[in-house]
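Given the sequences, and given the hints that come with them, work out the whole structure.
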Amino acid sequence: VSPRECEACEERLPDLVDGTLGAVIAGEIRRHLDTCAACLALHDALVLVSAELRRGRPVPSVDGELAARVAARSFHRRRRAADLWPLSPERGGPPWRIQVASGVLSLAVTGAVFLFSSVAHGAAGSVPLRALRSVNESATDFRSRTDSWMEDVRLVRVLVATAFEGRLDRVQEQVEDYRRLLERRRRATQPPASPEPNHRTPGA
Amino acid sequence: VSDTDERLRDRCLAGDEEAWGELVGRHLPRVMALAQGFTGRRDAAEDVAQEAFTKLFRSLGAYDPARGSFEAWIMTVARNVAIDQYRRHRDERLREMPLLVEPPTGDDAGPALVRRREARDLVRIGLQALPPELREPVVLCDIQGSSYEDAAVALSIPLGTLKSRLNRARLELARRLRDRRIAP
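Chains as they are written, first to last, in the numbering used here: chain A, 1 to 204; chain Y, 1 to 184.
Possibly wrong hints are sitting among the right ones.
Stretches of chain Y that chain A covers, calculated by requiring three or more beta carbons in the stretch to come under 8 Å of a beta carbon on chain A [what the hints assert, rightly or not]:
| # | region |
| --- | --- |
| 1 | 10 to 22 |
| 2 | 45 to 53 |
| 3 | 119 to 128 |
| 4 | 149 to 159 |
Listed next, the stretches of chain A that the computed footprint assigns to chain Y, with coverage defined by at least 3 CB atoms under 8 Å from CB atoms of chain Y [unchecked claim]:
| # | region |
| --- | --- |
| 5 | 3 to 10 |
| 6 | 61 to 69 |
Derived from the structure by calculation, the hints contain no laboratory data.
A quick note: this is a predicted structure, and the numbers were derived from the prediction, not measured.
We put the CB at the ideal spot given by N, CA and C, even for glycine.
Written as structure tokens, this is what we have:
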């Protein structure tokens, strides 16, 4: 028996034990096993390994109690999810359009109440003028906050993009660039400073 | 005559809890067998089955008969849940070693029982010594009974690679037994 034959046999032994080898090749391997004690010993060991591994294989057993529990939990979990919106049209609630219109109306009423309360505590002037001023101030405040958020988002985007490019060495550089840009913008939007007396004498 | 799966599904969609119970009872054994193949533990398999049937119930309306049988659809959903669960706990599963079952003492006695125990211990030690990429297919397919196809998907490797790794691992374990002259 040549070592090459043994090598070829070893390669195919697991498939032989597994029963997945074709009949012709399986016959050849069996003939080799009849003449080679070492390969036969390996074959027997493989059979034993297979048996030992499979002995621990769990045998699934399903009783009626488990089936009832699984069915009840899955059924009622879904029911609870549907119950989150009990007014859905499928459950006999009003049509979606009416529900949306009601939502918009309630938001408008709430907004009006807030507006009225802020106007009542506001500065002097006619009611429409104070209301207009209040709305304008709120819009300005909101816009400035949005600008600030957008600047933050842009900064994060630049950082992430640079990091993704693998240029970690450039991250700090990008941050500095962006910081300078923000500083320029801030100075541009600030009102010009009042002229201060110049204490330095020309040519000093 | 019991209802077909499709008929039961229609009844479930109409809110019939009894029909859902019948459908679960009909398919739970196969789902549990599949889940145990991935988890190797009964409690974990029950969790997988629960999650799978909850998903199934939520998406009952999405089943399309033109794309295959209802049973095949159920098994696909269950398989996806089991694979997701397996991948979530993969590191944990690699750390914990599956217990090989003690040989029964009923028929064998004396030297035969000692030999079998020795074989089991050698296999266990051999499993621990295997690298993870060889041990995982053995645990999934041989010990837990998962199919080769399912195991290949769970491990994200081609079927041929899985079989090759399985064969290498089995040979490695068998050589340990042969070298100690332990035979069946």
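Outcome of the hint check:
| no. | hint | in the structure |
| --- | --- | --- |
| 1 | 10 to 22 | holds (count 3) |
| 2 | 45 to 53 | holds (count 5) |
| 3 | 119 to 128 | holds (count 3) |
| 4 | 149 to 159 | violated (count 0) |
| 5 | 3 to 10 | violated (count 1) |
| 6 | 61 to 69 | holds (count 5) |
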